Amino acid sequence: GAVVSQHPSWVICKSGTSVKIECRSLDFQATTMFWYRQFPKQSLMLMATSNEGSKATYEQGVEKDKFLINHASLTLSTLTVTSAHPEDSSFYICSARGGSFYNEQFFGPGTRLTVL
Amino acid sequence: TQLLEQSPQFLSIQEGENLTVYCNSSSVFSSLQWYRQEPGEGPVLLVTVVTGGEVKKLKRLTFQFGDARKDSSLHITAAQPGDTGLYLCAGPSRGGTYKYIFGTGTRLKVLA
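In order, the protein sequences belong to chains C and G. Going by this note's numbering, the first residue of the first sequence is number 3, and it counts up by one from there. Going by this note's numbering, the first residue of the second sequence is number 903, and it counts up by one from there.
Hint data in this document are derived by calculation from the structure and do not stem from the laboratory. Heads up, some of the hints might be wrong.
[Claimed, not checked] Computed footprint of chain G on chain C, listed as stretches where at least three residues anywhere in the stretch have a Cβ under 8 Å from a Cβ of chain G: (1) 42–48; (2) 72–82.
[To be verified] Derived lysine-lysine pairs resembling DSBU-like cross-links, with alpha carbons at most 35 Å apart: (3) G:K972 <-> C:K66; (4) C:K68 <-> C:K43; (5) C:K57 <-> G:K1011; (6) C:K68 <-> G:K1001; (7) G:K961 <-> C:K57; (8) C:K43 <-> G:K959; (9) G:K972 <-> G:K961; (10) C:K68 <-> C:K57; (11) G:K959 <-> C:K16; (12) C:K22 <-> G:K1001; (13) C:K22 <-> G:K959; (14) C:K66 <-> C:K22; (15) C:K43 <-> G:K961; (16) G:K972 <-> C:K16; (17) C:K16 <-> G:K961; (18) C:K57 <-> G:K1001; (19) C:K43 <-> G:K1011; (20) G:K961 <-> C:K66; (21) C:K43 <-> C:K66; (22) G:K959 <-> G:K1001.
Owing to the predicted nature of the structure, the values given are computational and were not obtained by experimental measurement. All residues carry an ideal CB built from backbone N, CA and C; glycine is no exception.
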């Protein structure tokens, strides 16, 4: 299977600061990457779809100015949580599809964000 | 709106027991995937089923795709503590966006 990495695996920040999370496809070119948010003991909630070289498509209710997504290359997408507040604390997971894995998506290990 | 409902929501069983998790929808899906997620980690793909009526086996796990491609099941034989986790089904959204719809999840705990 394909390998997707995320960095950092966890981050603690102060309220009002911005945090950047990276998602990388290590052994394939990801034409599409997805960003999810997961609350404790719940399923995944899709935040946005990111296609390489174009603007991300955000799901209803997700603030695009709050969660900035950049997919500048076929192996890297970034999610920046701007002016983070405690309610943004969550588990953020990315996934990627592309190349020979066009019909499946593979997930990164997730990033635990805690905003104090 | 495409929805995937999973049942049961929670399941706590003893080691060695068998169990079945269901994933149901009123919509037809071109394929369905099953994932297992452990706490603090991302979901790991277990299987993809594509053909209506298809049955796939992965050691003690048996996956079935409904004939009408609206539902799927996951059966675990002789469950072990290592099977503990959150099981998620998912299917591609209509419209060519490559988005996936995720099921509501089944949290399984296998007691030794």
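Verification of the supplied hints:
Here's how the segment 42–48 of chain C fares: 5 of its residues keep a CB closer than 8 Å to some CB of chain G, so the rule of at least three is met and the hint holds. Note: the segment 72–82 of chain C has 0 residues with beta-carbon separation from chain G under 8 Å; the three-residue rule is not met and the coverage is violated. For the hint linking K972 (chain G) to K66 (chain C), the alpha-carbon distance of about 33 Å falls within 35 Å, and the restraint holds. Between the alpha carbons of K68 (chain C) and K43 (chain C) the distance comes to roughly 24 Å, so the proposed pair stays at or under 35 Å and holds.
Between K57 (chain C) and K1011 (chain G), the direct Cα distance comes to roughly 41 Å. Violation of the 35 Å bound is thereby established for this hinted pair. Of the supplied pair hints, the one linking K68 (chain C) and K1001 (chain G) holds, its CA atoms being roughly 21 Å apart against a limit of 35 Å. Restraint check for K961 (chain G) and K57 (chain C): the C-alpha separation of about 42 Å exceeds 35 Å, so the hint is violated. For the suggested pair K43 (chain C) and K959 (chain G), the alpha carbons sit about 27 Å apart, so the restraint of at most 35 Å is met.
Between K972 (chain G) and K961 (chain G) the alpha-carbon distance is near 25 Å, which keeps this suggested pair within the 35 Å criterion. With a C-alpha separation of about 15 Å, the suggested pairing of K68 (chain C) with K57 (chain C) holds against the 35 Å cut-off. Between K959 (chain G) and K16 (chain C), the direct Cα distance comes to roughly 47 Å. Violation of the 35 Å bound is thereby established for this hinted pair. A threshold of 35 Å between alpha carbons decides the hint, and for K22 (chain C) with K1001 (chain G) the separation of about 23 Å falls inside it, so the pair holds.
For the proposed pair K22 (chain C) and K959 (chain G), the alpha carbon gap of about 40 Å is over 35 Å, so the pair is violated. Annotation: proposed proximity of K66 (chain C) to K22 (chain C) holds, straight-line Cα distance about 14 Å (limit 35 Å). Using a Cα cut-off of 35 Å, the hinted pair K43 (chain C) and K961 (chain G) holds, with the two alpha carbons roughly 27 Å apart. Restraint check for K972 (chain G) and K16 (chain C): not satisfied, since their Cα atoms lie roughly 45 Å apart, outside the 35 Å limit.
Restraint check for K16 (chain C) and K961 (chain G): not satisfied, since their Cα atoms lie roughly 46 Å apart, outside the 35 Å limit. Only pairs whose Cα atoms come within 35 Å are accepted, and K57 (chain C) paired with K1001 (chain G) is accepted, the gap being roughly 15 Å. A C-alpha spacing of about 13 Å is found between K43 (chain C) and K1011 (chain G), which places the hinted pair at or below 35 Å, so the restraint holds. The straight-line distance between the Cα atoms of K961 (chain G) and K66 (chain C) is roughly 43 Å, outside the 35 Å bound, and the hint therefore fails.
Proximity of K43 (chain C) to K66 (chain C) is assessed by CA-CA distance (about 25 Å); at most 35 Å being required, the pair is judged to hold. Taking the CA atoms of K959 (chain G) and K1001 (chain G), the gap is near 26 Å; set against the 35 Å cutoff, the hint holds.
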